[in-house]
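There are 2 protein chains.
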Amino acid sequence: MSEETDCAVEVTRGAVVESRHRVHVAVVDAGGRLRAYAGDPDLVTYFRSAAKPLQALPLVEDGAFDRYGLTHEELALCCGSHSGSAAHTAVAEAILAKAAVSADALACGPHPPFDDEARRALEEAGLAPGRVHNNCSGKHAGMMMLARVRGWDPDGYERPEHPVQQRVLAEVARWTGLPLEAIGLAVDGCGVACFAMPLRQMALGFAKFAAAVRAGDRGPATVAQAMTEHPEMVAGDGRICTALMRLAAGRLFAKTGAEGMYCVGVPGAELGIALKVDDGASRAVAPAILGVLRELDLISEDDLGALHSFAYPDLLNTRGEAVGQVRPAIHLRAPDA
Amino acid sequence: MSEETDCAVEVTRGAVVESRHRVHVAVVDAGGRLRAYAGDPDLVTYFRSAAKPLQALPLVEDGAFDRYGLTHEELALCCGSHSGSAAHTAVAEAILAKAAVSADALACGPHPPFDDEARRALEEAGLAPGRVHNNCSGKHAGMMMLARVRGWDPDGYERPEHPVQQRVLAEVARWTGLPLEAIGLAVDGCGVACFAMPLRQMALGFAKFAAAVRAGDRGPATVAQAMTEHPEMVAGDGRICTALMRLAAGRLFAKTGAEGMYCVGVPGAELGIALKVDDGASRAVAPAILGVLRELDLISEDDLGALHSFAYPDLLNTRGEAVGQVRPAIHLRAPDA
Numbered sequence: 001m002s003e004e005t006d007c008a009v010e011v012t013r014g015a016v017v018e019s020r021h022r023v024h025v026a027v028v029d030a031g032g033r034l035r036a037y038a039g040d041p042d043l044v045t046y047f048r049s050a051a052k053p054l055q056a057l058p059l060v061e062d063g064a065f066d067r068y069g070l071t072h073e074e075l076a077l078c079c080g081s082h083s084g085s086a087a088h089t090a091v092a093e094a095i096l097a098k099a100a101v102s103a104d105a106l107a108c109g110p111h112p113p114f115d116d117e118a119r120r121a122l123e124e125a126g127l128a129p130g131r132v133h134n135n136c137s138g139k140h141a142g143m144m145m146l147a148r149v150r151g152w153d154p155d156g157y158e159r160p161e162h163p164v165q166q167r168v169l170a171e172v173a174r175w176t177g178l179p180l181e182a183i184g185l186a187v188d189g190c191g192v193a194c195f196a197m198p199l200r201q202m203a204l205g206f207a208k209f210a211a212a213v214r215a216g217d218r219g220p221a222t223v224a225q226a227m228t229e230h231p232e233m234v235a236g237d238g239r240i241c242t243a244l245m246r247l248a249a250g251r252l253f254a255k256t257g258a259e260g261m262y263c264v265g266v267p268g269a270e271l272g273i274a275l276k277v278d279d280g281a282s283r284a285v286a287p288a289i290l291g292v293l294r295e296l297d298l299i300s301e302d303d304l305g306a307l308h309s310f311a312y313p314d315l316l317n318t319r320g321e322a323v324g325q326v327r328p329a330i331h332l333r334a335p336d337a
Numbered sequence: 338m339s340e341e342t343d344c345a346v347e348v349t350r351g352a353v354v355e356s357r358h359r360v361h362v363a364v365v366d367a368g369g370r371l372r373a374y375a376g377d378p379d380l381v382t383y384f385r386s387a388a389k390p391l392q393a394l395p396l397v398e399d400g401a402f403d404r405y406g407l408t409h410e411e412l413a414l415c416c417g418s419h420s421g422s423a424a425h426t427a428v429a430e431a432i433l434a435k436a437a438v439s440a441d442a443l444a445c446g447p448h449p450p451f452d453d454e455a456r457r458a459l460e461e462a463g464l465a466p467g468r469v470h471n472n473c474s475g476k477h478a479g480m481m482m483l484a485r486v487r488g489w490d491p492d493g494y495e496r497p498e499h500p501v502q503q504r505v506l507a508e509v510a511r512w513t514g515l516p517l518e519a520i521g522l523a524v525d526g527c528g529v530a531c532f533a534m535p536l537r538q539m540a541l542g543f544a545k546f547a548a549a550v551r552a553g554d555r556g557p558a559t560v561a562q563a564m565t566e567h568p569e570m571v572a573g574d575g576r577i578c579t580a581l582m583r584l585a586a587g588r589l590f591a592k593t594g595a596e597g598m599y600c601v602g603v604p605g606a607e608l609g610i611a612l613k614v615d616d617g618a619s620r621a622v623a624p625a626i627l628g629v630l631r632e633l634d635l636i637s638e639d640d641l642g643a644l645h646s647f648a649y650p651d652l653l654n655t656r657g658e659a660v661g662q663v664r665p666a667i668h669l670r671a672p673d674a
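In order, the protein sequences belong to chains A and B.
Residue numbering for the first sequence follows my numbering, starting at 1 and increasing by one per position.
Residue numbering for the second sequence follows my numbering, starting at 338 and increasing by one per position.
Read the hints as simulated data drawn from the structure, not as lab findings.
Backbone N, C-alpha and C fix where the C-beta goes; we use that ideal spot for every residue, glycine too.
One or more hints might be untrue.
One side only, chain B facing chain A, incomplete, derived with CB under 8 Å [what the hints assert, rightly or not]:
#: 1; residue: Val-348
#: 2; residue: Arg-350
#: 3; residue: Val-353
#: 4; residue: His-358
#: 5; residue: Val-381
#: 6; residue: Tyr-383
#: 7; residue: Ala-427
#: 8; residue: His-448
#: 9; residue: Pro-449
#: 10; residue: Phe-451
#: 11; residue: Ile-520
#: 12; residue: Ala-523
#: 13; residue: Asp-525
#: 14; residue: Thr-655
Whole structure, please, built from the sequences with the hints as guidance.
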């Protein structure tokens, strides 16, 4: 197999690998040194929701966290792509109430909750999902709260020229070490700006953030503490961010993004990891990041065993039979010295 | 870009290609000569539902078509991965009735219909989808009919050792030019056997089938006629097989398969095409095959324009905004002489 293709997630059926998801990885330390990689660590793609910890940081830095008495649980939801469970929407409503804005002001579009129970409850009640069920509603509520604390009109907060988005962009630029004009902008699934840059720069952002957490800088430390104390607010039951952070018990903070993105910060090692499934497939993300973390010895063989259903999910057919498996086939490289 | 990666379907967001689906292609003539390719034409993967025209052929060859008075519409459904619309399930029930078997005898598991109207109707009536809604129920009904005409007990027709599956396997081997023991077997999404082999062999199967259609051999000609006269039974409204065969008006027969498979037979040119999206993504299949057909000049620029929404589908966000596009970036190669 060529150098380019040997880091992948494989999908087997019977004895044959039926499909293959190629994986790009950049592992960077806080000094900006590439420590390991796979595929193209300079691949330019979008940060998507993996950027949320950076997007949420101004809430602490600019005083909203203190002024509005945000709880760690609420701050975690601002960093999250939640499942739209009853618990998640209740926390989103609490943030909206503290910011004195209504759920109608959310710019994110509605989609059915990922959470089975919440989705069934809506269907049985004959109700359509609302904007508050959007997995990004915590981030959006936080953005309106940021507008409030800065004295900006929240109206149009989702537009790239609004001061909220300019403030968030500056934060993303600060951590990733890029000039503003080097960051590509497009519209995310939820309607706000998302950021295009090389994977290596996203990894640097998480590495610097992790180093700041280790150093005890209040903003990053508060965000990371919120995420690792309330991993159920960052995603939800049965989802990789929640399961991984529960297991890691504060050793790392982790955030998925649409189209196959995943980023991890490791305060103890001052490392950042950015991972992209080339084709964007969500089924490959958890096997890929768990394979990478194991190869870097950031999780143990026992940890991997505890997360087996995420790393090696069965492929079921319409009869409910296990007919194949998704599995990591991760090979990281050391950069030339 | 390296040789390996330059045939793909790209997913853009704003100005950046966010994700990339690599595509393998084999274009083979009825004499077995590779005429064009991309990626690895010898990639071993599963034929999946793209094999259905070959799997349905024994219905004609072994006399069920005549004895039970199958209509072309019914035969097309036996070759199809239908949408579970009311029209589709009615035709499936008609085949089951002619074979004197009940829908309960179907071995395929239930799944919600692809067809929006049928899915909503079930939900509103509080009904669970049945086995007859499975997209493969036509194939399964046909397999029980094959058992009937051959005097075999239909019970257990889905198991690989059952004479129905042995008969189908022999047919697949005959067209693809492989010895039985060279075909890998696994369990398909619907519970019957599926077949692993190199893409080149699948393409050969479709090329030989196409040549037989051109020569007027009754079995293949009947199957191809059924598919091209009733493309709505091979898939459904809004789906690529149906739209492509409607447009081509008999010039080709085409069948999709799960995990990114697509096969086309072109009687006039005695060509077969087998295509695999490496990662199995369904969103890449229509752009990929339409790009290939255009590059081979098997559809015109006008045809491509008529199928624009299949070749270049918009990517919408939760607000319903078009934020990107899926688009073919197909480059076929000529094999070394």
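Hints, verified against the model:
1. Val-348: holds, 6 Å
2. Arg-350: holds, 5 Å
3. Val-353: holds, 5 Å
4. His-358: Where the cut-off is 8 Å and the nearest Cβ of chain A is about 5 Å from B:His-358, the hint holds.
5. Val-381: This interface hint holds because 6 Å falls under the 8 Å limit.
6. Tyr-383: holds, 5 Å
7. Ala-427: violated, 21 Å
8. His-448: holds, 5 Å
9. Pro-449: violated, 11 Å
10. Phe-451: violated, 13 Å
11. Ile-520: Violated - the Cβ of B:Ile-520 stays beyond 8 Å from chain A, reaching only about 11 Å at its closest.
12. Ala-523: holds, 3 Å
13. Asp-525: holds, 7 Å
14. Thr-655: holds, 3 Å
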